[in-house]
Amino acid sequence: RHGFVHGLVPLGLNPGQARALRALAEADGPLRMVQLADRLRIVPRSLTPVVDALEEAGLARREVDPGNRRSTLVVITDAGRAMAERAKDARREAGESLFAVLSDEQREQLRDLLSAVDGQFR
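For the sequence shown, the tail end lands on 332 under this note's numbering, and the numbers increase by one without skipping.
For the record, the hints were derived by calculation from the structure and aren't laboratory data.
The model shown is predicted, which means the values in this text are computed figures rather than measured ones.
Ideal Cβ placement from N, Cα and C applies to all residues, glycine included.
Please note: incorrect hints may appear among the correct ones.
Label pairs and their in silico Cβ distance ranges [unchecked claim]: (1) Arg251 <-> Lys298: 18 to 24 Å; (2) Phe331 <-> Ala310: 35 to 41 Å; (3) Ala310 <-> Arg272: 37 to 43 Å; (4) Val285 <-> Val253: 19 to 25 Å; (5) Ser281 <-> Leu308: 34 to 40 Å.
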């Protein structure tokens, strides 16, 4: 995690902002705040400062949901998509560095074990 966080520093992101950008970039379109919070497995009120920071940085914007005017959509901007790619590269580089000590066989075993554990949370 330290390597990933260190890689985000030059991007001006914290891990929560990077996760939110990733979720927005992977979505098929804008997400309601509650949908984004669900994808991040956090409560919606915890998402507000994350989206505030993304909006302030020009990486996302809020829009009123035309289908439900009480809901707010979060829309990733072009700058946000570019930043999500840069954060993805930082995550990949951190992972490569972290797991460099493992053999290919050990990496495969770890991947299988983590997939089994992750399945419990879905």
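Checked hints:
no. : hint                          : result
1   : Arg251 <-> Lys298: 18 to 24 Å : 19 Å, holds
2   : Phe331 <-> Ala310: 35 to 41 Å : 27 Å, violated
3   : Ala310 <-> Arg272: 37 to 43 Å : 40 Å, holds
4   : Val285 <-> Val253: 19 to 25 Å : 21 Å, holds
5   : Ser281 <-> Leu308: 34 to 40 Å : 39 Å, holds
The structure fails hint 2 only (numbered hints given earlier).
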